[in-house]
Structures are given as structure tokens and as C-alpha cells.
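Engineer: Given next are the chains, with one letter for each unit.
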Amino acid sequence: MEAETIRIVLQQAFPEAVELSVEDRTGTGDHFQVTLASPSFDGLPLLDQHRRVNQALAAPLGDGSIHELRIKTKGTA
Amino acid sequence: MKTLNEQIAEVIENEPVAVFMKGTPEMIMCGNSQRALRALHAAGAPVTTVDVLPDPRIRQELSTLSGWPTIPQVFVKGELIGGADITEELLASGELDQKLDESLGTERTQDVKTVALELA
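Protein chains in written order, with the numbering used here: chain A, 625 to 701; chain B, 803 to 922.
Note that these hints are calculated values from the structure, not bench results. Among the hints, a few may not be true.
[What the hints assert, rightly or not] Label-pair restraints from in silico Cβ distances:
#1 Leu867/B x Thr659/A: 22 to 32 Å
#2 Ile632/A x Ala922/B: 37 to 47 Å
#3 Thr652/A x Pro858/B: 19 to 29 Å
#4 Ala701/A x Glu808/B: 36 to 46 Å
#5 Arg649/A x Glu881/B: 22 to 32 Å
#6 Gln636/A x Ala922/B: 39 to 49 Å
#7 Thr652/A x Gln862/B: 16 to 26 Å
#8 Gly896/B x Asp672/A: 16 to 26 Å
#9 Glu626/A x Met803/B: 40 to 50 Å
#10 Glu626/A x His843/B: 28 to 38 Å
#11 Met625/A x Lys804/B: 30 to 40 Å
#12 Ser645/A x Ala922/B: 42 to 52 Å
#13 Gly896/B x Ala701/A: 11 to 21 Å
[What the hints assert, rightly or not] Lysine to aspartate or glutamate pairs mimicking EDC-like chemistry, simulated, CA-CA at most 16 Å apart:
#14 Lys696/A x Glu891/B
#15 Lys879/B x Glu815/B
#16 Lys698/A x Glu890/B
#17 Lys824/B x Glu692/A
#18 Lys915/B x Glu817/B
#19 Lys698/A x Asp666/A
#20 Lys698/A x Glu891/B
#21 Lys696/A x Glu890/B
[Stated by the list, open to error] The following residues of chain B were derived to be distant from chain A, with all beta-carbon distances above 10 Å:
#22 Lys804
#23 Glu828
#24 Ile830
#25 Arg859
#26 Leu893
#27 Ser905
#28 Leu906
#29 Thr911
#30 Leu921
Ideal placement from N, C-alpha and C gives every residue a C-beta, glycine not left out.
Using the sequences and the hints given, assemble the complete structure.
Structural biologist: In C-alpha cells form, the structure reads like this:
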């Protein structure tokens with residue numbers, strides 16, 4: 625799976641994001657680092673921020689296309 | 803014999819800090835499980851680990867229960883804290899120590915325990 629494919633999915637799920645990047649950590653198309661800053665995360669616990677990212681990527685996480693997902697999220701406040 | 807779901811729920815409910823991981827503390831099979839354990843150790847947490855690798859159903863049942871798709875999963879007093887990234891972030895911000903102090907007290911032991919689930 626391409627990092628860009630994941631980025632597009634997240635872009636659609638978080639159109640308000642002010643920062644969004646997806647890095648293929650190992651170059652093997654299955655270990656990714658997602659970095660996402662969104663005003664919709666303001667005041668939301670980290671656990672719920674990560675839950676929202678996981679939900680947006682539920683399909684590739686569920687079928688094993690994403691083997692490892694590292695997440696770094698923050699609000700914008 | 804208790805179902806897998808019941809056994810998992812019991813570990814989450816009864817253990818002060820439960821970590822569902824790949825492998826055991828003696829033989830960690832995944833870098834992320836290692837990161838979570840290391841952060842908990844640094845915060846002086848006792849840990850009870852469950853290896854999810856013996857049977858894929860463990861992970862399925864766990865994720866259904868927690869609504870969290872990836873491994874590791876860290877629970878403190880029955881509450882999901884998150885995976886490796888969140889555990890590390892909470893350690894760095896001091897919130898992990900705070901959470902452990904509040905939930906388990908400051909005089910906590912740092913025992914490491916492993917629970918093997920019974921598979922039908």
C-alpha cells in the first residue's frame with residue numbers, strides 16, 4: 625500500500641486538518657507513520673484522537689494491508 | 803472453561819496494568835510491544851502481560867472488546883490507555899506517572915507477571 629493512498633483517505637476523513645503526512649517507515653508499504661494536526665482534535669483526549677485515525681483506516685488495518693501504524697496527533701489550539 | 807472473551811475481560815478488569823502484546827517480556831516479538839513495556843517500566847508500573855500470538859482469536863476478541871485495532875494495548879485499572887505511541891507520549895508528558903499514582907498509589911510494586919489464556 626502506498627503512503628499516498630493512506631494520505632488521501634485521511635485527507636477525506638479530516639478535510640480540516642492543518643498538518644497531514646504519511647511516511648512509509650520501512651519502504652515496504654506496510655509500516656506507516658501518520659502525523660496529523662486538526663482543530664477537531666482540540667480538547668479531545670489522545671485516546672479518542674487515535675481512535676478517529678484508526679476508524680478512518682479501519683479497512684486497511686482490518687485486512688492486514690497496514691501491518692504497523694504509528695500515530696502522532698495533536699489539536700491546533 | 804471460561805470463554806476467551808471472558809478470560810480477556812477478567813485480565814483487563816482484575817490486573818492493575820494489563821498489556822496485550824506480541825510475545826512475552828522475556829521474548830518480545832514486536833518493537834511496538836517493546837516500546838510500550840519500556841515506557842511502563844520507566845514509569846514504575848507493575849505489568850501483567852498476555853501474549854496474543856498463540857491464537858489469532860485472542861487479538862480478534864480483544865479488539866472487539868476494546869474497539870482498538872492494533873497491538874499492543876495497555877490498560878490501567880480496566881481502562882484502555884492506548885497503544886505504544888500513546889503510552890510513550892504519556893510517559894514523556896508525565897501523565898503516565900500521574901495516572902499510575904492516581905490509580906495504583908505511589909508505593910506500587912513493579913512486578914512483572916504473564917498470563918496465558920486457556921484456548922479451547
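Engineer: Each hint should be assessed against the structure and marked as holding or not.
Structural biologist: Hints and how they fare:
1. In this structure the supplied range 22 to 32 Å holds for Leu867/B paired with Thr659/A, their Cβ-Cβ distance being about 29 Å.
2. Distance hint check for Ile632/A and Ala922/B: the Cβ-Cβ separation is about 42 Å, which falls inside the suggested range of 37 to 47 Å.
3. The hint said 19 to 29 Å for the Cβ distance between Thr652/A and Pro858/B, and at roughly 22 Å that hint holds.
4. A hinted range of 36 to 46 Å for the beta carbons of Ala701/A and Glu808/B is consistent with their spacing of about 42 Å.
5. Between Arg649/A and Glu881/B the beta carbons are some 29 Å apart, a value that agrees with the proposed interval 22 to 32 Å.
6. At about 42 Å, the CB distance of Gln636/A to Ala922/B agrees with the hint of 39 to 49 Å.
7. For Thr652/A and Gln862/B, the hinted distance range of 16 to 26 Å is satisfied, since their beta carbons lie about 24 Å from each other.
8. Between Gly896/B and Asp672/A the CB atoms are about 20 Å apart, so this pair conforms to the stated range of 16 to 26 Å.
9. Between Glu626/A and Met803/B, the C-beta spacing of about 45 Å keeps the proposed range 40 to 50 Å intact.
10. A hinted range of 28 to 38 Å for the beta carbons of Glu626/A and His843/B is consistent with their spacing of about 36 Å.
11. Taken as a hint, the range 30 to 40 Å holds for the pair Met625/A and Lys804/B, whose Cβ atoms sit roughly 38 Å apart.
12. Evaluation of the 42 to 52 Å hint for Ser645/A and Ala922/B yields a pass: the beta carbon distance comes to about 44 Å.
13. For Gly896/B and Ala701/A, the Cβ-Cβ distance of about 20 Å falls inside the hinted range of 11 to 21 Å, so the restraint holds.
14. Annotation: proposed proximity of Lys696/A to Glu891/B holds, straight-line Cα distance about 9 Å (limit 16 Å).
15. Of the supplied pair hints, the one linking Lys879/B and Glu815/B holds, its CA atoms being roughly 6 Å apart against a limit of 16 Å.
16. For the hint pairing Lys698/A with Glu890/B, the CA-to-CA distance comes to about 15 Å; that is within 16 Å, so the pair holds.
17. A threshold of 16 Å between alpha carbons decides the hint, and for Lys824/B with Glu692/A the separation of about 13 Å falls inside it, so the pair holds.
18. About 10 Å separates the Cα atoms of Lys915/B and Glu817/B, which keeps this hinted pair within 16 Å; it holds.
19. Proposed proximity of Lys698/A and Asp666/A is supported: the alpha carbons are some 7 Å apart, at most 16 Å.
20. Distance check on the hinted pair: Lys698/A and Glu891/B sit about 11 Å apart at the alpha-carbon level, within 16 Å; holds.
21. Restraint check for Lys696/A and Glu890/B: satisfied, since their Cα atoms lie roughly 11 Å apart, inside the 16 Å limit.
22. Distance check on Lys804/B: its Cβ is at least 27 Å (rounded) from any Cβ of chain A, clearing the 10 Å threshold; non-interface status holds.
23. Every beta carbon of chain A lies more than 10 Å from that of Glu828/B, the smallest distance being close to 22 Å; the non-interface claim holds.
24. Non-interface call for Ile830/B relative to chain A: holds, since the shortest CB-CB distance, roughly 15 Å, exceeds 10 Å.
25. With a least CB separation of 15 Å from chain A, Arg859/B remains clear of the 10 Å interface cut-off, as annotated.
26. Every beta carbon of chain A lies more than 10 Å from that of Leu893/B, the smallest distance being close to 12 Å; the non-interface claim holds.
27. With a minimum CB-CB distance of about 15 Å to chain A, Ser905/B clears the 10 Å threshold, and the non-interface call stands.
28. Leu906/B, annotated as away from the interface, keeps every beta carbon of chain A farther than 10 Å; the closest lies near 19 Å.
29. No beta-carbon of chain A is positioned within 10 Å of the beta-carbon of Thr911/B; the least distance is around 26 Å.
30. Every CB of chain A lies more than 10 Å from the CB of Leu921/B, the least distance being 22 Å, so the non-interface label holds.
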